[in-house]
Each structure stands twice: as C-alpha cells, then as structure tokens.
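Sequence order for the protein chains is A and B.
Numbered as in the numbering used here, the first sequence ends at 889 without a single skipped number.
Numbered as in the numbering used here, the second sequence ends at 272 without a single skipped number.
A portion of the hints provided could be inaccurate.
Some, not all, of what chain A presents toward chain B, calculated at C-beta under 8 Å [stated by the list, open to error]:
id, residue
1, M321
2, T322
3, E354
4, T356
Here chain A is said to cover these stretches of chain B; the calculated rule only asks that three of the stretch's residues, wherever they fall, bring their Cβ under 8 Å from a Cβ of chain A [unchecked claim]:
id, segment
5, 141 to 153
6, 206 to 217
7, 229 to 242
Chain A residues, not near chain B, derived (Cβ > 10 Å throughout) [unchecked claim]:
id, residue
8, A409
9, K483
10, L540
11, I549
12, F568
13, R651
14, A773
15, A827
FYI, nobody ran anything at the bench for these hints, they're computed from the structure.
All C-beta atoms, glycine included, are put in the ideal place defined by N, C-alpha and C.
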Amino acid sequence: MTIVGWLQISLLFLAVLFVIKPLGLYMARVFSGERTFLSPVLGRLERDLYRVSGINPEKEQSWLGYTLAMLAFSLTGFLALYAMLRLQAYLPLNPQGFPGVPSDLAFNTAVSFVTNTNWQNYGGESTLSHFSQMAGLTVQNFLSAATGMALAVAITRAFARSKVATLGNFWVDMTKATLYVLLPLAIVVALAFVAMGLPQTLDASVTATTLEGANQVISLGPVASQEAIKQLGTNGGGFFNVNAAHPFENPTAWSNYLNIFAMLSISAALVYSFGQMVGNRRQGWALISAMAFLLIAGVAVTYWAEAQGNTILTAIGVDPALGNMEGKEVRFGQAMTALYAAVTTGLSDGGVNGMLGSLTGLGGLVPMFLMQLGEVLPGGVGSGLYGMLVFALLAVFVAGLMVGRTPEFLGKKIEGREMKFAMLAVLILPLVILGFTAVSAMLPFAVASVGTAGPHGLSEILYAYTSAAGNNGSAFGGLTGNTVWYNTTLGIAMLLGRFAYVVPVMAIAGSLAAKVKSPASAGTFPTDGPLFVGLLIGIILILGGLQFLPALVLGPVVEHFAMLAGQTF
Amino acid sequence: MLNHIRPALTLVVVLTALTGLAYPLAISGIAQAVMPAMANGSLIERDGKIIGSALIGQAFTSDRYFWPRPSATGPDTYNAAASSGSNLGTTSVKLTERVTGDVARLTAAGIAQPVPADAVTTSGSGLDPHVSPTFAEAQVARVATARGLEPATVAALVAQHVENPDFSVIGEARVNVLELNLALDALKM
C-alpha cells in the first residue's frame, strides 16, 4: 500500500461526497412531482408517454397494485428481451451475422438484465449483435435501474406519509427515473467517455496489420453509450467479455474514475433523497455514514491483500513490488483495482476492471462478503436503499428489545408484521446462495465447471450464486457458467434475489404507510446519531457473518493459508 | 393485473425506442461528428495502413521489439475480438506452471530475477497495452543488441515513453508498448 494509492482512493470518495447533496435534492424534487430545470424540455414527452400508455399520473396505487405493476413491467421486459436474443439472426444491425442465442443462455441473459444483475455468461463481442446490445441490453440497463429507483421511492413514501393506503404510481416513478435522472446523466457521461477514448460506432470491427505482420481483428461498437448507463444504473454488464478491464471500456485512470463515480453517485445520492423526503436529512447522512464505513473497510482489506502479491509466485522469482498483477491492468495498479472491486460489490454493479477470480484469497473474500451483506454499501440504485432500510428496521428492533420498548423508526412503530416480512426478506439470500452452492458442490457435472481445483473452486461456485442472488453480476470467471445447469439455476437465483426480496419489502411499505407517523418524544431512540450508526453496522456484520462465515472459511480463508503454505491445486 | 398490461407493453416499446435506439444512435452521431478519432477506436496508421489501436495491446515476440505482458486470450494472444483474462486463482497449479515457464524464458532473455510482476502475469483483458517502466527498462539491452543500437539510445527512448501519473497521483507509471515499438522503428529510418 502506498500513500499515493490512498490518495487515489480518497479523491474518488471526496468527489462522490460533493455530488450527494445536489443530486439527492434534485431526485427528491423529481419524485415529489415538483418542477425541475429539465421540466420544460421533458414535460411534454412525459405527458405524451402517460397518454399513449393509458396511465393516469394522478392515480396512486396501493402496495399491492404498485408491486403488481412492477412485476408486469419486469415480465414484459423479460419476454421482449428473451425474444430479441432468440431471434437475433433475423433482426437488423447484426454486422457479424451472429446466430440466435441458445434458449438456456437467452433465459439467463434476459433474467440477468431484467433483474439488474447483468451476469455475463456470454462474451459480448463474440455472441451479441449491436441490435441486441442496444435495443435489448441497454434498454434493460435503463429500465431495471429505473424500476429499482421507483421501488425505493415507494418505500420512502411509506416513511414520509401518515395513515395512507397508497405509495405512489409505479408507472410515473419509473418513467420519471428514466427521463429525468438516468437519460440526461447517461448522455453527459457517454459523451465524456467518448472524449476519454471509448469507441462509439456502428461498425463491428477493424482489421489491423500489426508491426510484426500479423492480422489483429479489433472489435468495436457502440461502447460508450452502453458503458454510461451500465454504471449509472449499477448494472455492470459490459460491452466486452472482460467488462471494464477492456481498454475500450476503460482506457485511462480518468475513465476509471468516471466509471466508479458514475456507479456510486446515484445510489449514494438516493439515500440523501430519502432523508429529504422523510423530512430528516440527518437520517440520510446517518445511513450514508454506515455504508461508507463498511465500504472503505472493504477497500482497505482488498488493497492491503493485493499489494502483498501472490507469495507462491514471489517464491519462484517474481518481484512482489507491483503486488498481485495476475488479472490486473498496468494502468490501474493495485489501489484503483481494489477500489473498483469493493465499490462494484458494495453496490450491485458487478462491472470489474480486473479479474476478481485472480484476486488473492483475502482480497477476493471482500467482494464476496460485501455482496453477502446484502449489497447495501450503498447498493444498487434503489435496491440498496430499500435493503438498508430493512437493516435499519432490524437495528431498531434489536435496540427496542434491549431497552424494552416498542421500536420506532422515523415515527413509525415497528411491530410483528413488519419484523416477519423483514426476516423473510433477509433470509432469502442465505437460502438461495448456500442452498444452490451446496447442491452444486455435490453434483459432479456442476463441479466439473470450476476452473481452479481446491478451495478456490468452492469460492468460484459460492461467488456465482452470491453474485446472482445479490443481483450483482460480477464473477470469479474461472467457473464455466455457460452450461444448462448454471444458466438455469443462476437465472432462478437472480429471480428470487430480486423479486422474492422485494415483495416482502413492499408489504412492509404498505403496512408502514397505513400507520400514524408520531412525533419524536423524549423516549424515542434517535436513529440519526452515531449510536444508531454503530448499531446498524453491528447488525449488518453480525447477520452477514453468522450466515456466511462457515462457507467463507472453507473457500477464501483456506485459499489464503494454502497460498502462505505454498500449496497449489 | 389485466389493467397493467397496456402500460407495461406501451412503455417497454416506447422506452426501447428512446433508450435503446434514439439514445445510442444520437450519441453515435455526435461522437462521429465531433470526436471521430476516439469514436472509431483511437486507431494508429503508418504509411496509410492501420497498424493497431493506441489503446489495445498487440503481440510482439521478436527480439527486435519490446515485449508486452503475457495474454490469456485464445486462440492467439492479444486477440482483440475475444478479450479474456486467465481467471486463475492464486493457488492454481496452472498459474504456477505458466509463471515458472515465463520466468525461465525471461531469464534466458537476460532479465534478472526477481522479474517484474507484470512481465509474467496475464492482464484482466488480455489486451493490456502497457507494461511497467521496470519491465520496459529490463528489455533495453536485448532490444539494443538485436537492432545494433547503443543501449543508451534505446534507454533514452524508453524514458521518453514513460507516462507518469497525472498530477503525480492519478494513474500508474506505464509504457505503451506499441507506441514505444513504433518509435523504435522510426529511429532506424
């Protein structure tokens, strides 16, 4: 670790810190239906959209109506994307003449993008046409993110309002998220990316004659436009197989900063919007502090572990000064790769700028553990906020048990019904992750997919289901995931991780919205101070640790000690 | 549920047109008009022929050129149509065998142990255009001998091509191998 490395990391967090308030306030205005500086440009388009879709923007929905609208929208998006991938050969903008995507891979990919996971069992430049990348994947990059934001806004209203039966209108929130937040930011970021060197063309490739006389076919495409929304929507699905490690997705240290900045900003700012909308900005900052603490701790561990290098290679004559360079790019080095790895998994982005599967045991433990904590640091756009609110409910509940009073959060009494749904939501992750990992570890044909034997092999499987259930999308890429077994089970894990989580959360929202918002009294446990932040961090760590520590010990921790002992597999 | 079908269908179709076609096509139009060099992949031409991209590494095996990092792409290394990392874990026997072979190869080529880490590890993309300044400097003697140049001349060329972090903080010190080799070819002419 070097001071310069830590400076590189600090600059990024500082930049995000400065954007949280203005962007958070802007989004709070957008979702409260107030006029913004973009209203004169987009207002007309917005109203036309509601008219042709038969939506009455004034009509609000109950939690169930809101959830059903979200499910109908996601299902439609899934079917459209699945059909598009299967029929790719007959659709336009297919300069390489790629055939239709096989059914299991199309299922996996469609689920992957609709659930905001963006797990890549396909190699973008060798499987998908430009039409599939643009009209299929890019669209879901917008819509799955907008869906997450809408859900977070609905849950925010449950805390902001008193004794109401409705949470807003899903169609309106989703449309506003797309038009007023994601699209304008994507245009700015995409153009900045082109200026940094990301290609943006409809040509498929160019053939170069190298200095040594060989032919080098260089894949191109509309990369910048997809990269921009991939990060802003915390999607993470790259244009290319190796994601943002590819020099065309991430050519310089500056583009690397913009990548991380873009993925972190909206999620972090949305927490501020929450504080603004519930009328307690300190609450927003309290949640942000808890997230930042755990995230920075994650960056530190990965950076430290990677900077040590791979001791097995040191023993055979490799200089450890540059750290563990397998799977990393020279232009990023250890600090910026560690930062990217922790942020992409603290969020539910899943893009990578180096191969996570080649991280050291402890360096690789961090991204896996951050996802297992529920991706709330600060999590996917929208999904991170509502995940964190579930933890906040658990934290006040535990605090309530300790002092023997009915727990309250933002003036809402937290009772049995909310706690049951909260537990239902948080238990879905370990069930899906550990269940599928255990089954896969027992099946010879599933084990045959691992790329490295020994403890790292278990880590590859555990990572895959963690990433799928957490809707992250990053991978320990040694695992050959493009098989019928993994395409199908990872697809199911993604669906459960998104929808089996969010339905109970929406039920909590419905139940909270109906309650009276009572003013704070002398006996109220303050949830916007350091005591609560500490408690919240404790709850997150204890829940995540209790559930996943045994599996993590068998995978990454054993790998770490095997490396120190010089043991290979 | 039925009353959700019309908004779901219409919004998917209209927003596909907006975010999936209008948005990328508009960005393409602006990018091609304003920044065509970047938008088309930062290609480098020599004598009217495209010889590569400034951002994408390419394979060099001859002693007359500086070598890049090993690459995990298949079937050939530095295959810019199928990017790939090795994805091997730290305790992988395949990794140690490969690195042992590469360390021996570099030692035979006159590079002292311990060798720079980037010289024997594959990058994440398999297309890394850069090497560390240490790895470039370690190759000076070999390249100078193969080309019949003074080592000091080649070393000066390497020093010119070291890109340092902006403001001493942002980025890592690195050498673009293709640009260095192009300058090397230009030297003899």
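Hint check:
1. M321: 14 Å, violated
2. T322: Not OK, violated: T322 of chain A not within 8 Å of chain B, min 11 Å.
3. E354: 22 Å, violated
4. T356: 19 Å, violated
5. 141 to 153: holds (count 7)
6. 206 to 217: holds (count 11)
7. 229 to 242: violated (count 0)
8. A409: The assertion about A409 of chain A holds, with a minimum of 19 Å to chain B.
9. K483: 26 Å, holds
10. L540: Violated: least Cβ distance 5 Å, not greater than 10 Å.
11. I549: The claim breaks: I549 of chain A does not keep its Cβ more than 10 Å from every Cβ of chain B (closest is about 8 Å).
12. F568: At roughly 6 Å from the nearest Cβ of chain B, F568 of chain A sits no farther out than 10 Å, so the non-interface label is violated.
13. R651: Contrary to the label, R651 of chain A does not stay out of reach of chain B, its closest Cβ about 6 Å off (not over 10 Å).
14. A773: A773 of chain A is in fact no farther than 10 Å from some Cβ atom of chain B, at 8 Å.
15. A827: Given that every Cβ of chain B is farther than 10 Å from that of A827 of chain A, nearest at about 17 Å, it holds.
Violation of the numbered hints given earlier is confined to hints 1, 2, 3, 4, 7, 10, 11, 12, 13, 14; the remaining hints are satisfied by the structure.
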